[in-house]
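What follows is the residue order along each chain.
There are 2 protein chains.
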Amino acid sequence: MQTVTSTEASSENAAVSARADAFVADLQEWLRIPSISADPGHHDDVARSAAWLAERLRAEGWPQVEVWDDTDALPAVFASWPAADPAAPTVLVYGHHDVQPADLADGWSFAPFEPEVVGEELRGRGASDDKGHLAMVRLGVAAHLAATGADGPAVHLKLLAEGEEESGSAHLGSLLAAHRDALACDAIVVTDTGMVDRDAPTVCTGMRGMVDTEIVFRGASVDLHSGQFGGAVPNPATELARLVAALHDDQGRVQVPGFYDDVRLPADAERAAWAALPFDEPAWLAKSAAGAQATAGEAGWSTYERLWARPTAEVNGLHGGYGGPGHKTIVPHSATAKLTFRLVADQDPARVLDGIRAFVDAHTPPGITAELIAGGPGVPPLICDVDSTLVTTIREAMGAALGAEVLPAREGGSGPEALLSTELAAPLAFLGVMLPSDRIHAPDERAVLPLLLAGAEATAHLWRLLGERGV
Amino acid sequence: MQTVTSTEASSENAAVSARADAFVADLQEWLRIPSISADPGHHDDVARSAAWLAERLRAEGWPQVEVWDDTDALPAVFASWPAADPAAPTVLVYGHHDVQPADLADGWSFAPFEPEVVGEELRGRGASDDKGHLAMVRLGVAAHLAATGADGPAVHLKLLAEGEEESGSAHLGSLLAAHRDALACDAIVVTDTGMVDRDAPTVCTGMRGMVDTEIVFRGASVDLHSGQFGGAVPNPATELARLVAALHDDQGRVQVPGFYDDVRLPADAERAAWAALPFDEPAWLAKSAAGAQATAGEAGWSTYERLWARPTAEVNGLHGGYGGPGHKTIVPHSATAKLTFRLVADQDPARVLDGIRAFVDAHTPPGITAELIAGGPGVPPLICDVDSTLVTTIREAMGAALGAEVLPAREGGSGPEALLSTELAAPLAFLGVMLPSDRIHAPDERAVLPLLLAGAEATAHLWRLLGERGV
Ligand SMILES: [Zn+2]
Ligand SMILES: [Zn+2]
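Protein sequences, first through last, are from chains A and B. According to full-length UniProt numbering, the first sequence holds residues 1 to 471 in order. According to full-length UniProt numbering, the second sequence holds residues 1 to 471 in order.
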């Protein structure tokens, strides 16, 4: 394996440092646009965000920049910058410029769309996920060009900034299909990712898939008076609670038939790398910044293994009957559970959904009618080849920028990455510096600025190294 | 036992019949006042309803009529009409003039406060519960006086129409304490009650008590991303579902410690009477008018026994996490269950609550903080002496009016009756003709007019018979 020489590293580092102040000011401007894709009231802002990004990319020298609004997808931005050497590999960077909703009432301690620098942190919705990371990539390209002194990058660079990742990427398939030629590439690098800890730099090598479902239990056609009927007819809320309670055994194993049949266990080397990561439970709970009081889960697996390599069944919402102040003496006519199942390699969403259907059938008692609503075809799990040049070079580039060894890790979340890799028929890897303490998808999102700068330096190394090595 | 002679019965019957049309028109006028005590926006209407009733009672000849608004209770109406014979017993009739909320959006097929006669039915909120029954009592007094030709009733009659029964009678204790002397009586007859079936006339001889509670399970301080945390921290919604599932064993027995310790089993004669009542499960489910699909409950007991003589634990509401459209991949930070426990003689609400507290403690897993909120001191169960003159005379009077044997039964609901009996230190019995198909507390409430008229005749008999026999 080649290594990054200190001369090259420091010129890329210097190029990033010289641009740091401008980088922060520029990112703050972008963060002031509340590009919330889940809220139709903010779709104009998603379009403004796309226009803003396209304008910046042009100003930064990208020869081809387009806003794509020719499908049902919210506006996406595409840019490409060919390498001088036609034989260089083509790398597509994927990220998204839309953000999660952010309502002050959810518990923000600062205005989500008035970004402020406090110490090392930039605070605001999108500071980390994912505008901060797309800005990091732009800074990395500038640093790469400054360090090499060339007119263009060492690889053919392409950039795709999606506009509706945070609302589920419902139209990403159409977008990819409509622009398959423009997006053709030899490798995909996803920025929408992070590390285990600031002191334990890692590169993500897999994400969980997902099946989402809603289960509705119905009893009577209206709420019944619990004095007149309570104890003599089935209660849909009680019965649904029993179904939910039956989802796991006392070892935390999911009881959906066949759920574990296709699960691929992580390789010994990977498990050993995860075991080498620092894990201090109180610190992990504290860093979650959410006050979780304890770990829990499937017996026989560590917290990282539970999150990265084990499938789960999670109740996202449970609602039935009266929820207002005081009490109302009813037998509710219905109750609903929203459940998401996280999948790992090599589980198949369609097969898991069949199992869920059988589970619901088996747990629907007499007097209750069950409805199972699947929220779409599901997201397949994604797993990277940890031994590929792409992944090992990313580890090397990040290691040079961060001054520390970068271990493989995974993410427990689910994203459109599996679709990208499949549709564009290219290997995919991750490079991002989000931290658990960034509070993405939660109130008080923030990014650690020195990490975004190091991430920019890492991408600058990466383009140069991949130009030399191929992918 | 004396029996009602046919001459007397028919003169009371004739007196009721002669007043039937006026009765319906008068009741319709009252039902147009939406006296919803649970809604502060309708408290003016509760006051209007009280004033309307007081005005009518005065017009009907009651010598003493008062609107009581001197406590925190919503306006109640009190009236008294002494018997000619000072030695006659004093009977207090209890009912309420407030009504349940009625929102068209809940599924009404007619306007709740624009009462209409359709065939034998009077349709509108309060037509049965309880304005219809208080009107029935007023008609019964008029018929009693017409049949006997006397200036006053055969017993000292008192009437109390409460103004906030449907919102929990929170201030009934203060009301009774403030007016203890005025309310002094030898017996209490409650109108807010019904029968098992039109073809199976019954008199209520007991009601269940109640303890209401809210259990809150809290995990993290905010919702967590289920990709980042799902499967590795406790999920309050899942854990609360497990607690709810553990509330009953597979025989439907409530698992709260000590729950059955004080339960008094019904007497063999009472169980035999209940077994003699017609019970056709499909018909019962259909008559519930609510589309319940099956019976269910504690093993080893009939439906009537489950409702009347067995205590229950019922989930009235279960809420946690996301409930909007689509899905949201969170581990909810909290979940709440609203539970009511129905009690039977001789359970003590305070002792049951202690058991619930122990149950919640035992079912709170690590990483979850539980809060148990009790909704007040609870309602003790009420049981009548089925062999008393009061109860046997009510059965006789109803039997004469309905032309059928009237069997003892109970109600599964809970009301302020136990408080009335205790505070006024008088025996209490029930006389009412509500049917399960009246849809009280539900959309499309209605009353069966021939039954209200028969109920009026029954009360007319009752005053005469109690005047002869005492209570
Ligand atoms: Zn993201
Ligand atoms: Zn009532």
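Derived by calculation from the structure, the hints in this document are not laboratory data. Treat the hints with care, as some may be off.
[As the list claims (entries may be wrong)] Simulated coverage check for chain B against chain A, where a stretch passes if three residues somewhere in it have a Cβ under 8 Å from a Cβ of chain A: (1) 148-155; (2) 180-191; (3) 409-423; (4) 437-446.
Just so we're clear, the structure is a prediction, and the values are computed from it rather than from any experiment. C-beta atoms are modelled at their ideal positions from N, C-alpha and C, and glycine is treated no differently.
Here's how the hints hold up against the structure:
1. Here the segment 148-155 of chain B counts 0 residues with a CB under 8 Å from a CB of chain A, which misses the bar of 3, and the coverage is violated.
2. Closer than 8 Å: that is the beta-carbon criterion, and the segment 180-191 of chain B has 0 residues meeting it against chain A, so the requirement of 3 is violated.
3. Counting residues of the segment 409-423 of chain B whose beta carbon lies closer than 8 Å to any beta carbon of chain A gives 4, which reaches the threshold of three, so the coverage claim holds.
4. Look at the segment 437-446 of chain B against chain A: 4 of its residues bring a Cβ nearer than 8 Å to a Cβ of that chain, three or more, so the hint holds.
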